[in-house]
Amino acid sequence: MDYAASLMMTLPELILSLGALSLLMVAAFGGDAQARLIGWGAVAVLAAAGLSLCGPASQGGTAFHGLYRADAFAAFAKVLIFGAAAVSILMGPRFFSQNNGTMRAEYPVLILLSCVGMGMMVSAVDLLTLYVGLELQNLAGYVLASFMRRDNRSAEAGLKYFVLGALASGILLYGISLLYGFTGTTLFDGVAASIGADLSTGKLFGIVFVLAGMAMKISAVPFHMWTPDVYEGAPTPITGFFASAPKVAAMALIVRIAVEAMGPATDAWRQIVIFCALASIVLGAVAAMGQKNMKRLLAYSSINNVGFALLGLAAGTAAGVASVMTYMAIYVAMTLGSFLCVLQMRDGEGRQVESIASMAGMSRTRPALAAAFAIFMFSLAGIPPLFGFWAKFVVFDAVVGAGLWPLAAIGIAASVLSAYYYLSIVKTMYFDEPAEGYLPSNSRIETGLIALTAVLVSPLGYFLIPALGIASANAARALF
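Just so we're aligned, residue 0 is where the sequence shown starts under numbering that gives the first Met the number 0, counting upward by one.
Treat the hints with care, as some may be off.
Derived CB-CB ranges, DEER-like [claimed, not checked]:
#, residue 1, residue 2, range
1, F462, D197, 45 to 51 Å
2, S423, R35, 36 to 42 Å
3, P366, A43, 33 to 39 Å
4, Y461, G29, 26 to 32 Å
5, G60, G29, 38 to 44 Å
6, W39, N151, 40 to 46 Å
7, S199, G447, 53 to 59 Å
8, D188, L459, 25 to 31 Å
9, G29, L138, 20 to 26 Å
10, S176, F479, 27 to 33 Å
11, Y2, L127, 17 to 23 Å
In silico EDC-like pairs for lysine to aspartate or glutamate, Cα to Cα no more than 20 Å straight-line [unchecked claim]:
#, residue 1, residue 2
12, K426, E348
13, K159, D266
14, K291, D228
15, K291, E432
16, K291, D346
17, K159, D188
18, K291, D197
19, K291, E435
20, K291, E353
Worth flagging that the hints you see were computed from the coordinates, not collected in a lab. All of these numbers come straight from a predicted model, not from anything done at the bench. Think of the CB as a built atom: it goes at the ideal place given N, C-alpha and C, for glycine as much as any other residue.
The task is simple: from the sequences and hints, build the whole structure.
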């Protein structure tokens with residue numbers, strides 16, 4: 000085996016690992032005073048890791064005796080992961096300086112280490128590689144959720160994330176052990192061959208437990224219970240990170256497992272995916288209606304959007320997989336934009352405000368912020384001509400193309416429920432009597448990122464359809 004070639008295929012993870020260790024040394028000697036420098040260094044490391052995908056890391060094939068695969072599917076997911084992570088790092092300095100006195104130097108380093116795990120996750124073609132990557136991402140996530148140690152909500156979020164994350168890992172590991180016991184291998188190709196020859200009860204139970212463990216990672220119903228509490232309690236930049244990069248990694252991983260490892264049992268796992276999809280769409284919409292906290296509402300919005308993405312996976316076709324990746328790309332832009340707007344919600348003393356009631360009349364006190372919020376809310380609701388409509392359209396088109404038109408009809412009807420609470424936010428901003436105005440933002444970085452994401456999800460985003468369609472189709476073909 001050519002280890003040099005294998006190392007070239009894993010170049011993004013190597014760059015992230017070496018970059019994280021180097022920046023950790025800077026943090027050890029420079030302390031929190033170097034936090035902003037470390038943050039920009041972490042963004043540069045993520046950019047370098049993204050550029051490294053132009054070589055063998057995106058089309059090199061299988062590395063390390065079949066444990067890792069560098070293909071277009073993994074490269075597509077990694078671009079989204081690295082981009083979301085970079086934005087999350089840039090969101091941090093002003094928030095932590097106003098809420099914690101200063102940003103801890105470990106924040107960007109933990110995000111880089113989390114990205115190493117996510118990179119392994121989306122390239123894993125072996126059940127043990129999958130588990131190692133997942134746990135590496137989780138370990139950094141547990142620390143990030145409780146990053147503000149003196150904040151009771153943050154500590155509680157970290158504890159809940161740890162306990163339920165450990166439960167999900169245990170369920171997943173039990174499913175992996177069942178599949179290994181009944182198939183005799185942990186390689187995806189070997190598992191698929193064994194399932195194709197004979198789908199025994201033991202293998203079926205293994206599939207159920209693996210999908211249950213992964214459903215908890217993407218916060219799909221009925222394994223969603225941790226999401227609202229963790230999203231509300233964690234610091235806002237970290238919540239934005241949880242809602243974007245790890246969500247993409249977990250969704251990409253469940254797609255790769257379903258197609259490559261469990262492809263011969265599509266009829267079996269499709270029933271599970273359809274239930275999780277429809278339940279997530281309905282519960283995410285209904286539960287969000289009574290929320291008073293914006294971050295909790297966005298948590299249920301995340302659950303709702305995961306349901307729509309899972310509809311594309313339920314199709315079980317290359318078009319369905321391509322629709323999932325397209326949906327996740329647009330979802331990342333909408334979600335990060337929404338959390339960037341939440342960062343701007345500060346009262347006259349500079350304290351973070353999260354209540355929806357405080358947004359009343361924002362169109363008259365902060366018209367630009369209200370306009371950006373409205374764009375993201377309309378886009379998340381899938382209302383044309385905003386780009387969020389295209390995300391839902393490609394998913395429903397793939398579902399109809401697979402002959403599952405009743406599923407598409409139910410999904411379209413259920414999407415009307417979610418439109419209610421998105422539109423209620425717009426109504427609060429534009430038609431209610433103004434509440435106390437928010438403190439004006441003095442961050443050019445946050446303002447620029449809000450403008451960029453708003454443009455991406457606006458009708459101008461339709462110009463990206465040809466490039467996005469080609470990239471997602473190539474990613475899907477890599478699995479089939």
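Against the structure, the hints come out as follows:
1. For the hinted restraint 45 to 51 Å between F462 and D197, the CB-CB distance of approximately 49 Å keeps it satisfied.
2. Taking the beta carbon of each, S423 and R35 are about 38 Å apart, inside 36 to 42 Å as hinted.
3. Hint check: P366 to A43, Cβ distance near 35 Å, so the stated range 33 to 39 Å holds.
4. The hinted window of 26 to 32 Å between Y461 and G29 is violated, with their beta carbons roughly 45 Å apart.
5. Distance hint check: the CB atoms of G60 and G29 are about 41 Å apart, consistent with the given range 38 to 44 Å.
6. Between W39 and N151 the C-beta distance comes to about 31 Å, which lies outside the given range of 40 to 46 Å.
7. In this structure the hint that S199 and G447 lie 53 to 59 Å apart at CB holds, the actual value being about 56 Å.
8. Checking the proposed 25 to 31 Å range against D188 and L459 shows it is violated: the Cβ atoms sit about 42 Å from each other.
9. G29 and L138 have their C-beta atoms about 24 Å apart, which keeps the hinted 20 to 26 Å range intact.
10. For the pair S176 and F479, the beta carbons lie near 28 Å from each other, so the given range of 27 to 33 Å is met.
11. Evaluation of the 17 to 23 Å hint for Y2 and L127 yields a pass: the beta carbon distance comes to about 19 Å.
12. Of the pairs offered as hints, the one joining K426 and E348 is violated, with about 26 Å between alpha carbons and a cut-off of 20 Å exceeded.
13. Proposed proximity of K159 and D266 is contradicted: the alpha carbons are some 34 Å apart, above 20 Å.
14. Straight-line distance between C-alpha atoms of K291 and D228 comes to about 13 Å, which keeps the hinted pair within the 20 Å bound.
15. The straight-line distance between the Cα atoms of K291 and E432 is roughly 17 Å, inside the 20 Å bound, and the hint therefore holds.
16. A distance of roughly 17 Å separates the Cα atoms of K291 and D346; the hinted pair therefore holds under the 20 Å criterion.
17. Proposed proximity of K159 and D188 is contradicted: the alpha carbons are some 35 Å apart, above 20 Å.
18. About 51 Å separates the Cα atoms of K291 and D197, which puts this hinted pair outside 20 Å; it is violated.
19. Using a Cα cut-off of 20 Å, the hinted pair K291 and E435 holds, with the two alpha carbons roughly 17 Å apart.
20. A distance of roughly 9 Å separates the Cα atoms of K291 and E353; the hinted pair therefore holds under the 20 Å criterion.
Figure legend: structure checked against the earlier numbered hints; hints not met, in rising order: 4, 6, 8, 12, 13, 17 and 18.
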